[in-house]
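Asker: Take a look at the letters that make up each chain.
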Amino acid sequence: MGALTDILTIAKWEVKKSFSMMSRDVLPLAVILFVLLVAVTGFSAQAGLHLQDGMYKVGVDDQQIGQLLASDPRFMVYEADEPDLIAHRGDFDLIVINGAVYTGVSSRAGAAQKTLERDYAKYVNSVYNQQDDLFAAYPLWIDVQSVKSELSFLATQSGQYVSAAPVRSAPVPEGVVEQLATPSPTLSVTETELREQLVVSNTKNTQISRYTDALSSSSSTMGTFKTPSQLSPPLPFDSIILVFVFIFPLYFTSQFFMMSIMNERIERRGEILLSTPVAASSIIIGKMLPYFLGMLAICTALTLWIRAPWLILLPLIPVIFFFLANALIIGMLSRSFKELSFVSIFFSTVATSYLFFPSIFANVHVISLISPLTLIVLTMQGSVWTATDYLYSTSLFWLTGAVLFYIAARNFKEERLFSEKGLVTRMREFLSEVLSRRHPFLSLFLLTGFSIPFVFMVQMMCLVLFFNLPMPFSLVCLLLFAALIEEIAKGVGIYTLYVRDPGFLTWKNLVIACGATAIGFLVGEKLLLFVTLAQISDSVFGSILFLSIGSLWLPFLLHFACVLIVACFLKKWGTKGFVPGLALAMIVHCLYNLYFILGWF
Amino acid sequence: MKARHLSIIAKKEFRGLLSERTILLAILLQLFIALFSSFLMVGLTSMYDPSSLSKYSHFKYNVGYAGNDSEVLSYLYGSKDFRVFKMDLSTGVAALKERKLAAVIWVPDTSPDAEEPVKITLYTLQNDIQSAIVDVKLKDIFLRYEKVLREVREERLNELPLPLRIPASSGGGDFYEFVYGLLIPLLVFMPAIIASALVIDLITEEYQHDTLETLVSTPVTFSEMVWGKVLACEVLVPVQAGIWLALLMVNGIAIENAGLILLHVTVSSLVLILLGTLTALHYRERTAAQFIFSTALVVVILFALALPANPMNLLTRLAVGTAGAEQWVVLAAVLAVIAVLGYATQRYAERISRINHTG
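So the sequences go chain by chain: A and B.
Under numbering that gives the first Met the number 0, read the first sequence as residues 0 to 600, first letter to last.
Under numbering that gives the first Met the number 0, read the second sequence as residues 0 to 358, first letter to last.
A portion of the hints provided could be inaccurate.
[Said to hold, decoys possible] PhoX-like, lysine-lysine: derived pairs with alpha carbons at most 25 Å apart:
| # | chain 1 | residue 1 | chain 2 | residue 2 |
| --- | --- | --- | --- | --- |
| 1 | B | K118 | A | K121 |
| 2 | A | K337 | B | K11 |
| 3 | A | K337 | B | K10 |
Bear in mind the hints are in silico, worked out from the structure with no lab data behind them.
Sequences are here, hints too, so could you generate the full structure?
Answerer: Have a look at this one:
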């Protein structure tokens with residue numbers, strides 16, 4: 000009860016403080032800027048965004064076709080006679096003579112042709128969807144039925160082309176054949192509904208709609224019916240917009256939180272706050288609460304604005320939480336504004352990539368689910384996702400956010416907040432604070448266990464990064480990086496202990512510390528695996544990342560041996576030995592993976 | 000104003016950046032995004048335009064065909080991408096689930112000239128790269144069939160579109176626009192935004208850490224200090240943008256007119272940096288200055304984008320090589336804006352230092 004009152008008081012104080020600071024002469028200008036923003040948004044919606052204007056040069060001999068092409072500002076259209084066009088064909092990406100298109104050889108010409116194809120298809124559709132007899136213009140409809148594969152979805156990814164076996168006769172299923180009803184030959188949707196849908200998906204022809212299409216027209220009433228030209232998976236530009244629409248305001252607001260934390264640290268202003276009898280966790284939560292609510296309000300407003308289902312707020316909450324946790328840590332770690340800017344830009348880019356890149360594949364691959372944004376994309380498209388999917392894509396965000404909050408709360412005190420040391424030193428001090436002096440081994444165990452979500456996150460990142468390299472390279476890269484990341488996570492605890500007190504690492508303590516770290520890592524890994532990541536861990540990639548779930552003593556031995564290497568290097572050569580130790584441990588780890596998992600040698 | 004004083008201030012700021020090693024983060028960031036942009040190129044192309052990957056194109060997929068005979072069947076037999084098996088629908092779908100087939104097609108007995116449309120049912124695997132490829136390849140076959148059906152029903156149409164014969168596309172090219180028309184202007188302009196945020200940090204830091212007095216007590220004047228900081232940030236822009244271009248080129252993205260791109264970015268970034276400087280001088284406090292500046296930035300960029308031939312569009316056109324003489328007009332316009340902003344900055348800085356001296 001007392002903590003709750005404290006939190007509310009701090010929250011109120013935070014709101015009041017930021018408003019009093021803001022109102023001086025920020026507010027009038029902010030209002031002006033906001034009005035300008037609305038005006039400019041309206042202006043640019045009308046004028047279009049002229050980012051890609053004039054990318055291609057086209058020569059035409061016919062005025063009507065010229066007009067058709069000139070409606071797309073990406074084309075610079077020149078009208079000339081046929082001989083002129085042929086004589087200067089090198090200057091153009093495309094020339095159109097007598098209704099036939101001739102494409103140049105450059106990649107720009109190839110792209111110009113793609114754009115022309117799309118524009119022309121749009122034009123043709125605009126003619127066709129006005130026909131009285133819709134089924135003369137669109138005589139063919141495809142009803143796409145997705146079937147769940149009974150084999151692992153990653154079979155193709157790991158390099159096997161299952162259905163590729165060169166067979167001469169028709170394949171015979173091995174399992175039970177389920178009798179399917181013959182599909183009805185008629186469409187279950189009326190002609191008017193189909194026409195409406197065709198018109199809607201075609202009218203959006205402005206510059207911006209190239210990027211925003213998916214936001215508005217994604218909820219299709221056509222169900223699974225498509226015309227042949229709608230068959231291929233939609234392009235991912237919608238994800239880009241989603242990221243900017245939803246993530247940018249979050250990033251922006253978390254900046255204020257970051258700054259509020261930083262302001263407490265400048266010239267020891269936060270001393271008054273610290274001298275009150277309020278727990279550090281209450282201060283942090285209280286300071287965070289207004290920002291959390293603000294971000295939630297922004298997301299709600301955005302959801303209302305684009306008329307999306309409320310469900311999309313669910314995956315956003317862990318993202319908000321994660322952003323705030325990181326903002327808190329960054330605000331507490333940086334020494335100067337410059338550092339704050341750079342670190343926060345770095346963090347936001349990495350976080351945005353983590354959120355954004357997987358969601359590009361929302362329509363094609365399950366791996367996209369590692370990003371909560373994918374759930375948003377799916378919701379907007381009207382696809383369903385399950386509670387397991389939610390857990391799978393958000394659990395890492397919840398866990399890492401919580402761990403960061405804990406570390407911040409433990410370090411929210413004078414000697415940490417007002418110290419002027421370097422970034423790395425401060426990080427080490429932060430960790431050092433979490434490692435208890437009385438129970439060092441228990442803390443090592445817990446620290447390593449809780450580092451697992453971070454390790455997974457970074458490894459997921461690597462998985463996404465290396466996913467598309469050619470097969471042997473992607474495996475090798477993943478192997479090396481996965482091992483390195485795990486070794487760093489395991490070594491960092493002992494490193495911190497060593498720097499705090501070099502005398503601590505007696506041989507006996509060293510062995511126990513390594514044991515505690517190895518067990519912590521193993522337990523954390525297995526726990527998280529069982530909870531969430533079964534899908535990924537089934538693939539060849541997954542087995543490298545997360546080792547085998549089966550036997551426990553082998554991975555324990557591996558973890559133990561690797562930490563022991565790092566610890567021994569530390570003991571022998573001091574902090575200078577840390578990096579070589581890591582390198583050696585990484586090699587051992589890789590060899591182990593190669594031998595046991597891939598069965599090489 | 001002495002050039003030596005400017006360079007002293009600029010050097011001081013660089014030393015600060017180097018000693019904090021945060022500049023390393025910025026470089027790391029660039030590498031990171033460069034890795035991702037190559038991932039974008041390879042990954043996106045293979046995912047959404049699988050035919051561009053030759054390794055998939057020499058491949059025959061097994062397809063089950065059920066229902067009534069139609070021209071689709073003969074297209075499939077003639078296609079070099081598919082191996083077709085006529086089979087019972089239920090058996091076919093069961094085989095599909097076991098991945099022995101890539102897709103199953105069911106065709107009804109609707110005649111080509113019927114009143115109602117022909118509805119083909121296509122069974123594919125959920126969430127599968129391979130089925131995405133099969134979809135793209137089947138699409139060609141369906142499009143052919145649609146064309147035939149349209150010809151059969153042509154008399155029922157009341158208007159025909161202008162004819163245009165487009166040659167078969169060579170594949171790829173889908174991400175050309177994304178890379179050149181979005182990624183490159185965005186990446187090349189990012190250093191300008193970073194630099195303008197940095198100048199706010201540099202100026203407000205002097206105020207908030209009360210180090211201004213010390214600095215102004217040296218022979219360096221207040222406006223020299225301001226311009227020194229502007230200079231430090233401005234120098235960072237071509238360096239960072241240059242690294243971007245180099246990284247993109249290493250990734251196999253050919254960029255024309257790299258020198259001109261750098262020139263334009265460097266000049267236009269000065270607009271943003273001066274805006275940042277003015278905001279910082281006015282507010283002297285980071286939160287407020289950054290807030291106002293970022294909002295103003297959105298307004299300025301959105302407004303610029305809505306204008307034809309804006310600097311960002313110019314970058315795109317320079318990168319693809321379609322920019323003409325109009326770039327010099329744009330450059331002149333940007334320089335004019337800089338002159339106004341620069342004058343305002345100078346006057347503002349002088350006024351502040353006068354107030355400081357008297358007060």
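Asker: Compare the structure with each hint and give your call.
Answerer: Verification of the hints:
1. Distance hint between B:K118 and A:K121 is fulfilled; the C-alpha atoms sit about 22 Å from each other, no more than 25 Å.
2. Between A:K337 and B:K11 the CA atoms are separated by roughly 14 Å; this keeps the pair inside 25 Å, and the hint holds.
3. A distance of roughly 15 Å separates the Cα atoms of A:K337 and B:K10; the hinted pair therefore holds under the 25 Å criterion.
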